[in-house]
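Number of protein chains: 2
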Amino acid sequence: MSDFPKTDLNKVKRLPKRGHYDKETIYSIVDDSLICHVGMAIDGRPIVIPTIHARQGDNILLHGATTSRMLNHVATGAELCITVTHLDGLVLARSVFHHSMNYRSAVLFGKGRLIEDPDEKMEALEVFTEKLIPGRWADARQPTPNESKATKIVTIPIDTASAKIRVGPPGDDDEDYALDIWAGVLPMRTVFGELEVDPLLKDGVDVPDYIHNYANSKQ
Amino acid sequence: MSDFPKTDLNKVKRLPKRGHYDKETIYSIVDDSLICHVGMAIDGRPIVIPTIHARQGDNILLHGATTSRMLNHVATGAELCITVTHLDGLVLARSVFHHSMNYRSAVLFGKGRLIEDPDEKMEALEVFTEKLIPGRWADARQPTPNESKATKIVTIPIDTASAKIRVGPPGDDDEDYALDIWAGVLPMRTVFGELEVDPLLKDGVDVPDYIHNYANSKQ
Chain D
127 MSDFPKTDLN
137 KVKRLPKRGH
147 YDKETIYSIV
157 DDSLICHVGM
167 AIDGRPIVIP
177 TIHARQGDNI
187 LLHGATTSRM
197 LNHVATGAEL
207 CITVTHLDGL
217 VLARSVFHHS
227 MNYRSAVLFG
237 KGRLIEDPDE
247 KMEALEVFTE
257 KLIPGRWADA
267 RQPTPNESKA
277 TKIVTIPIDT
287 ASAKIRVGPP
297 GDDDEDYALD
307 IWAGVLPMRT
317 VFGELEVDPL
327 LKDGVDVPDY
337 IHNYANSKQ
Chain W
127 MSDFPKTDLN
137 KVKRLPKRGH
147 YDKETIYSIV
157 DDSLICHVGM
167 AIDGRPIVIP
177 TIHARQGDNI
187 LLHGATTSRM
197 LNHVATGAEL
207 CITVTHLDGL
217 VLARSVFHHS
227 MNYRSAVLFG
237 KGRLIEDPDE
247 KMEALEVFTE
257 KLIPGRWADA
267 RQPTPNESKA
277 TKIVTIPIDT
287 ASAKIRVGPP
297 GDDDEDYALD
307 IWAGVLPMRT
317 VFGELEVDPL
327 LKDGVDVPDY
337 IHNYANSKQ
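For the protein sequence lines, the chains are D and W, in the order given.
Converting from the first sequence to the numbering used here requires adding 126 to each position, the first position being numbered 1.
Converting from the second sequence to the numbering used here requires adding 126 to each position, the first position being numbered 1.
Hints are computed from structural coordinates only; laboratory data are not their basis.
Some clues are possibly wrong.
For identical chains, the list gives no copy identity; a pair is met inside one copy or between any two copies.
[Stated by the list, open to error] The calculated DSBU-like cross-link candidates involving lysine-lysine, where the alpha carbons are at most 30 Å apart (straight line), are: (1) K139 with K328; (2) K139 with K344; (3) K328 with K137; (4) K139 with K237; (5) K149 with K328; (6) K275 with K149; (7) K344 with K275; (8) K247 with K257; (9) K328 with K237; (10) K132 with K247; (11) K344 with K132; (12) K137 with K344; (13) K328 with K132; (14) K237 with K344; (15) K149 with K257; (16) K139 with K275; (17) K137 with K275.
Keep in mind it's a predicted model, so treat the numbers as computed, not measured.
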C-alpha cells in the first residue's frame, strides 16, 4: 500500500521520528479500534463526538439515526478530522520529565458524502456488523427497508492522514540511569469479559461458535 | 456536586434518556481515563488530538512541550471541545438494527489559559504524575527549573459539559424476541499486563509496592 504525501496538514511536527505515513500502518490502527473521535467545526466551534466506524478501502464509514446532528453535518461535505487512539502502556521513567505513554494514534482528514443507494447502504451495514463481530451479519435478523431508511450512512474518502506511535522503554537523561528509581513500562490492553446473556433470551438458544471464539480471542 | 445547566451546546439530542449533566457522573468518566481527545477549530478546520489529561476541580489540565502546536493554540484562549470515552461492551441484539455498544462518554467545553506561575506549574505536574500512577511523584526524580520551563501547561475551566451512557442488555423489537438468535452483551475493559522492566535498570532496584499494587489493580 502507498503512503500519504507529507503536507502541512498531516505532518507530525512534535517528535517527527514517531510519525508514519504509510497506509498499512495507519489502517491497522484504524481497523484495530471499534470507535473513533470525529472532529467537526460547526460555526467555528470544535465538536468532538465518539462513534463506531468501519473502513472500506480508502474510505471511513460512519452511521447513525437520520436525526443525528453529527451525521447531518458530515453529510453537508464539511471538513472532518477523524482520530483513532490506542493506549498501550504507561512509560515510567526515572525523571518525572521523561514519563510518557506508549500509544498508537491515527489522524485522518476528509469530507463525507451521504450513501443513498439502497444496495450500497446494505453493503455498508454489513461492513459495520462484521466489524463489530465477524459472523454476525449472516446470523442476526437483517435490516428491513424501513430500518435501512431510518439509518443514515456517510462515507468519507481519506484525503490525507498520519499515524504517531511510541513503543519501548523509557528514555532518561544519561546521568539519571544511576539513580535508585525503578523504571519500565506498565502495558495496557483491552480485553473481553464473560458474555452476558440477554435475560430475555429465548430458551434453548446457545452461544454460536463465532461469538464464543471471538469472546475468547482477547482474554 | 452540582449540575451543568442544559443549553443548546451541551444537551444530548439523540436518545436524551442517555444524557447526564451532573458533575459527579461527568467527572468520574473524565477521571477514569488517562487520555482525552482535544478538538480545536484552526482556521475553521477541525483538528482532534489525543493527549493525557488531568482534572483539578472544575478545570482540565493539559501539558506538553513548549513547541506543541496544540498547546500553543489552546493557550490563545480558543474554544475547545474535550471528549473522553470508555467502550464497555458490544451489544448484540437479535436484529442488526438494534446492535449497539455500551459506553460512557463525556463532552466538555471551555477555553484554556497558560499556567505561568512556577509553583502552580509544579503543582500541576504533580497532579499529572499522580494521575498516571499514584505514588510516583514522591519516588521519581522531580522536575528541574529548566525541565519545568520546557513544559507548557494549560488549564481549561469547564464552561459546560454533558455525559452520555449506555448500559445493559440489547433492546429488540417485541416480535424479534421469539427469534432463535443469540443476544446479549460482550463486555470490554482495559487491563494492565505484566510489568516490563527497563533493560537499563540499575541492578538491585526492586519494583516499589505502589507500582506493584497499581499493576495488580486492573488485571
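Quick rundown of the hints versus the structure:
1. Proximity of K139 and K328 under a CA criterion of 30 Å is satisfied in neither setting, with 55 Å inside one chain copy and 33 Å between copies.
2. In this assembly of identical chains, K139 and K344 lie within 30 Å of each other by CA distance neither inside one copy nor across copies; the values are 34 Å within and 34 Å between.
3. For a Cα distance limit of 30 Å, the shortest separation of K328 from K137 qualifies neither inside one copy, at 53 Å, nor across copies, at 37 Å.
4. In this assembly of identical chains, K139 and K237 lie within 30 Å of each other by CA distance both inside one copy and across copies; the values are 23 Å within and 23 Å between.
5. For a Cα distance limit of 30 Å, the shortest separation of K149 from K328 qualifies neither inside one copy, at 44 Å, nor across copies, at 40 Å.
6. Taking CA atoms no more than 30 Å apart as the test, K275 paired with K149 passes in neither setting, with 33 Å inside one copy and 37 Å between copies.
7. When the C-alpha separation of K344 and K275 is checked against a cutoff of 30 Å, the pair qualifies neither within a copy, at 35 Å, nor between copies, at 42 Å.
8. For the homomeric pair K247 and K257, the shortest alpha-carbon distance inside one copy (15 Å) is at most 30 Å, but the shortest distance between copies (44 Å) is not.
9. In this assembly of identical chains, the alpha carbons of K328 and K237 never lie at most 30 Å apart, being 44 Å within a copy and 51 Å across copies at closest.
10. Taking identical chains as interchangeable, the C-alpha atoms of K132 and K247 are never at most 30 Å apart, the minima being 33 Å within one chain and 35 Å between chains.
11. Within a single copy, K344 and K132 get their C-alpha atoms no closer than 35 Å, and across copies no closer than 39 Å, so neither meets the 30 Å cut-off.
12. When the C-alpha separation of K137 and K344 is checked against a cutoff of 30 Å, the pair qualifies neither within a copy, at 33 Å, nor between copies, at 36 Å.
13. Taking identical chains as interchangeable, the C-alpha atoms of K328 and K132 are never at most 30 Å apart, the minima being 54 Å within one chain and 41 Å between chains.
14. Taking the closest pair of Cα atoms, K237 and K344 never come within 30 Å of each other, the shortest separation being 34 Å inside a single copy and 39 Å across copies.
15. Taking the shortest alpha-carbon separations for K149 and K257, only the intra-copy value of 19 Å comes in at or below 30 Å, while the best inter-copy value is 34 Å.
16. For the identical chains of this complex, K139 and K275 are inter-copy neighbours only, at 20 Å across copies versus 43 Å inside a copy, given an alpha-carbon limit of 30 Å.
17. In this homomeric assembly, K137 and K275 come within 30 Å of each other (Cα to Cα) only across copies, at 26 Å, whereas the closest approach inside a single copy is 39 Å.
Comparing the model with each numbered hint stated earlier shows that hints 1, 2, 3, 5, 6, 7, 9, 10, 11, 12, 13, 14 do not hold.
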